[in-house]
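Knowing the structure of chain A, use the given hints to seat chain B on it.
There are 2 protein chains.
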Amino acid sequence: MTEDAVDVNAKFDLFAEHWSPKLVARLNDYEVKLVRIKGDFVWHTHEETDELFLVLDGLLTIQLRDRDVVLGPGQLFVVPRGVEHCPRADEEVRALLLEPAGVVNTGDAGGDLTAVVEQI
Amino acid sequence: MTEDAVDVNAKFDLFAEHWSPKLVARLNDYEVKLVRIKGDFVWHTHEETDELFLVLDGLLTIQLRDRDVVLGPGQLFVVPRGVEHCPRADEEVRALLLEPAGVVNTGDAGGDLTAVVEQI
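Chains as they are written, first to last, in the UniProt record's numbering: chain A, 1 to 120; chain B, 1 to 120.
Honestly, the hints are just simulated from the structure, not real lab data. Predicted, not measured: the structure shown is a model, and the values here were computed from it. No residue lacks a Cβ here, since even glycine has one placed at the ideal position from N, Cα and C. Among the hints, a few may not be true.
[As the list claims (entries may be wrong)] The calculated label-pair distances, taken between Cβ atoms and stated as ranges, are:
no., chain 1, residue 1, chain 2, residue 2, range
1, A, 114, B, 38, 39 to 49 Å
2, B, 66, A, 45, 43 to 53 Å
3, B, 40, A, 7, 17 to 27 Å
4, A, 68, B, 39, 40 to 50 Å
5, A, 42, B, 45, 42 to 52 Å
6, A, 26, B, 102, 12 to 22 Å
7, B, 110, A, 45, 35 to 45 Å
[Claimed, not checked] With the Cβ distance kept under 8 Å, some of the chain A side facing chain B (calculated, not the full set):
no., residue
8, 9
9, 50
10, 65
11, 69
12, 76
13, 77
14, 98
15, 102
For reference, chain A alone in the conformation it holds in the complex (with noise of 0.2 Å):
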C-alpha cells in the first residue's frame, strides 16, 4: 500500500467505541467512513439522503418499520432517504458508511448516541 491510499483493517485498530463513525476518506461532497456497531441504535430518519451500509465484518440488522434487513460480511444495503431505520448487532459488526458530508448519525432523532465525527 502507498500514500494516501486507506487500509481498512489498519483504520479499524486505530478505535474502538461503538456508534461513533470514522471519517477515512472523502469522494466530492461525500464522506466514507467506518463503524463498529454493537447492541441497539436508536430509530431515526434522514429526510435529505440516502445512506449506504456495507458489511465488513459480523451480522447487521437493519430494522425497518415493515421489515428486517439482515447483512453478513461482503453484504450491503442503501437505506433510502426517508425511511425510518435501527441498525442492531448482537456480536460486534464493523461496517463501511457512505453518504454525503455533514450527515448526523442519529438523523432526526438527536440524543445520547449523536456522534462528532473525527478523521482518522
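Leaving out everything else, chain B in the frame of chain A:
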C-alpha cells in the same frame, strides 16, 4: 440476507468480463459498481469528479503520472478529479467503484474499453 440487499460475491458470479463495471446499487445520484480488472487500462482523466476504488480481491496498481498507488484487499483510494490515472493488474482484481451516475469509465480518453454500464 434479505430482499434488496446486495451480496457482492453473488453479483461477481454474474459476469466474467474485465473492465466492464456493473451497477449494483444507487445512493442518491451516485452509483456503486463492481468491476473485474486484469491487464492494463487506458490513461484517462475524470475532469468532473473524484473516483473511489475499493479492492476486494487481488492486487491493483493505480498508476498516476508521478507514482503508483498499490492496493490490496480491504484497501481503498480516491483518485482526485482531474488527475490522470491508469489502473493495472497482473492477476485478476475484484474491486468496488463509487462515483456519480453517468461517469464514463474511460473518462476523456474514450476508445475500445469504453463500457456501457449494465445493472445486475
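Practice task
Go through the numbered hints given earlier and state which of them the structure violates, listing their numbers in rising order.
Solution key: 10, 15
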